[in-house]
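Student: Sequence:
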Amino acid sequence: MSKDDHLSISDFATAQLALLSQELAAEKATTSQLLESSSPKTLARAGLAILNLTLSNLRTGLGGKTVLELEPDSSISGPPISNSTSKSPSKDQGGQAFGQHDIRVGDLVHVAPQPKGGEKKREKIGLEAKGSDGVVVKVSGRGLQVALDRGEDNIEEGSGLRLWVVKLANEVTYKRMNWSMERMQKMEDNAHTTLMRVLFGMESPAPLPSNLEDPETGAGVVEFVDPTLNESQKDAIRFALAAREVALIHGPPGTGKTYTIIELILQLLQRNKRILVCGPSNVSVDNIVERLAPHKVPIIRLGHPARLLPSVLAHSLEVLTKTSEAAELVKDIRKEMDDKQASIRKTRSGRERKAIYGEIKDLRTEYREREKKCINTLVQGSKVVLATLHGAGGSQVRNERFDVVIIDEASQALEAQCWIPLLTASKVVLAGDHLQLPPTVKSTNLKEGGKTKLELPPTAKGMSLDYTLFDRLLSLHGQAIKRMLTTQYRMHENIMRFPSKALYDGKLLAADGVKLRLLTGLPNVADTEDTRTPLVFYDTQGGDFPEQIDEDEGTGKVSKRTLLGDSKSNPSEAAIVTKHVIALVEAGVNPEDIAVVTPYNAQLALLSDKLKQRFPGLELGSVDGFQGREKEAVVVSLVRSNLQHEVGFLAEKRRLNVAMTRPKRHLCIVGDSETVARGSSFLKAWMKHLEDNADLRYPDIADLED
1 MSKDDHLSIS
11 DFATAQLALL
21 SQELAAEKAT
31 TSQLLESSSP
41 KTLARAGLAI
51 LNLTLSNLRT
61 GLGGKTVLEL
71 EPDSSISGPP
81 ISNSTSKSPS
91 KDQGGQAFGQ
101 HDIRVGDLVH
111 VAPQPKGGEK
121 KREKIGLEAK
131 GSDGVVVKVS
141 GRGLQVALDR
151 GEDNIEEGSG
161 LRLWVVKLAN
171 EVTYKRMNWS
181 MERMQKMEDN
191 AHTTLMRVLF
201 GMESPAPLPS
211 NLEDPETGAG
221 VVEFVDPTLN
231 ESQKDAIRFA
241 LAAREVALIH
251 GPPGTGKTYT
261 IIELILQLLQ
271 RNKRILVCGP
281 SNVSVDNIVE
291 RLAPHKVPII
301 RLGHPARLLP
311 SVLAHSLEVL
321 TKTSEAAELV
331 KDIRKEMDDK
341 QASIRKTRSG
351 RERKAIYGEI
361 KDLRTEYRER
371 EKKCINTLVQ
381 GSKVVLATLH
391 GAGGSQVRNE
401 RFDVVIIDEA
411 SQALEAQCWI
421 PLLTASKVVL
431 AGDHLQLPPT
441 VKSTNLKEGG
451 KTKLELPPTA
461 KGMSLDYTLF
471 DRLLSLHGQA
481 IKRMLTTQYR
491 MHENIMRFPS
501 KALYDGKLLA
511 ADGVKLRLLT
521 GLPNVADTED
531 TRTPLVFYDT
541 QGGDFPEQID
551 EDEGTGKVSK
561 RTLLGDSKSN
571 PSEAAIVTKH
581 VIALVEAGVN
591 PEDIAVVTPY
601 NAQLALLSDK
611 LKQRFPGLEL
621 GSVDGFQGRE
631 KEAVVVSLVR
641 SNLQHEVGFL
651 AEKRRLNVAM
661 TRPKRHLCIV
671 GDSETVARGS
681 SFLKAWMKHL
691 EDNADLRYPD
701 IADLED
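According to this note's numbering, numbering within the sequence shown proceeds without interruption in unit steps and concludes at 706.
No false leads were slipped in.
Below, a list of computed lysine to aspartate or glutamate pairs in the EDC-like style, where the Cα atoms sit at most 20 angstroms apart:
1. 482 / 471
2. 116 / 71
3. 612 / 592
4. 28 / 133
5. 273 / 216
6. 340 / 352
7. 372 / 400
8. 579 / 527
9. 41 / 102
10. 335 / 362
11. 684 / 652
12. 442 / 652
13. 501 / 512
14. 296 / 226
15. 28 / 107
16. 515 / 695
17. 373 / 362
18. 515 / 493
19. 340 / 359
20. 653 / 630
21. 340 / 69
22. 234 / 213
23. 346 / 359
24. 610 / 586
25. 579 / 703
26. 442 / 107
27. 273 / 403
28. 482 / 245
29. 383 / 290
30. 234 / 214
31. 442 / 27
32. 579 / 592
33. 653 / 505
34. 442 / 171
35. 461 / 11
Hints listed in this document are in silico derivations from the structure and should not be mistaken for laboratory results.
Start from the sequences, fold in the hints, and give me the full structure.
Tutor: What follows is the structure, given as structure tokens:
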């Protein structure tokens, strides 16, 4: 889309609905088809299922939902459950040999009696139909807990059997995005708010005065709560306060975007504004809650407690409905439900059990009515409400009104997500960095043969889901609606220099406290050629370090690597990475302060095999998954090295921007400059920068052989 396109709100919504339908189909394809064609053991090996569980307890959670407490079958011995995101294996003993898995707190899962190995596909599907869907509440070495949507009696009836848990695609977010788009699609022109008209270019944003502190037309004199804010942060806050409809806060890596948002919230509260704060992920919202909480303002965090950080639960509905004055409304009935659940465990009679379930069903209806009153009281009394973007479409806030909507990480959110809280808003502040990775869109990664040809309105031709609201508004209204934060507090200036010049017009400046800091400044770290160097480049040019295709590809076998996506790896690069990590640790750098990142999942699996057991505290991740994170030292494996000089999605400069801006004191790049430099003008400039400014090393393959 370009600035000259005339996109009506109705056409936009129509196009988004088509794109969202395709995206949901792509997401389902990665899970649903897999469930139909793969055995439980295959799914468990891929990390998408946990087998051989038994039901140990039932209890009542938020909304009267039944929480299943599941444990490994004690009749099967082996190591405990291990979540692949854990920094070290659990110390709990006993349990089934699950190995690592990718089921996390907050995931949507299906719990069901486990099919037997010899059962036919039809029989397997029949068993799955007896189970229930739910959200993972807790994962530990001793088991996991799942809050069910409904159907706990299906599980109870099968409690004598082994159970299994399998990860599912989550359609709730799509339903809420579709709901918003359908409303926009059907709106008459006279129903469009002023904000909607501005966000679609039908009206221009109200002009701002040259003096943002003008009491008549600006924000007035701002007395900042945090005196340590730099001038670019203060300017962004004044700008956001003065804007009538929309303001964009552009926060490059390490520039203190969250601190700026906290100050903005506090300033809005001083002006008696009611605020809805949203983000595309629970982590983005929880980070704001954590930093806002010490200011003792009335806040409430909406969202399933399973998906919230423990540190923010005190502000969640789960806790507030138990501890607030309004909680007395539901306290007694919650206890009665828990007592009924406990009595089921002591009842052998099917008739008695059925009768108790009927009583629980009636109690749950009354519980939800009381809880709704309690929640309404809590939400209406809060000046700041925080939720994920799709959480803002829940019943708790659907009829609430806010003076300002703030969307953090807006450049990582689908635009359709942003419209969930914006349909009735009058002002929005978007914070993010459109020069880092956009939201992940699975449908754009499908091969052409797998895509459905979409019929989009003529004015929406070329629209894609990874073109965000942040992008579109910059294209529509230009730099006048944006303020950029320019002082970064993360990186050594040598690490920062290239992304600043290539992506941020050279405007990024390193704060005095970080511009020269090295690994040698950390406690007990020796002065070596690695620890005294902020930027290292192992150039593998010459063809001795070729990339490889995963061996499982084309064999018909399903491996974890193949299931997780792109299968390219580079064993020789992995050996260089391993050697460099060992050198850093031997020099005294804590493994917990080091991250190894790569764009390719097969390389990630290879590196994990080499490093994870030796250094449990070391963090390994994909570039995409490491966005928003930071470490003292980061080692990046680029993988691509081939005679055709193909770089694949390394050509996406936003992906490389993420990779090169994660470290504080030390960045090590491993890659083939001959291959990488051919990928784009950006990559060519980066390779030239590394050759001129990094500690340039040419590894010898003979030195890496075991």
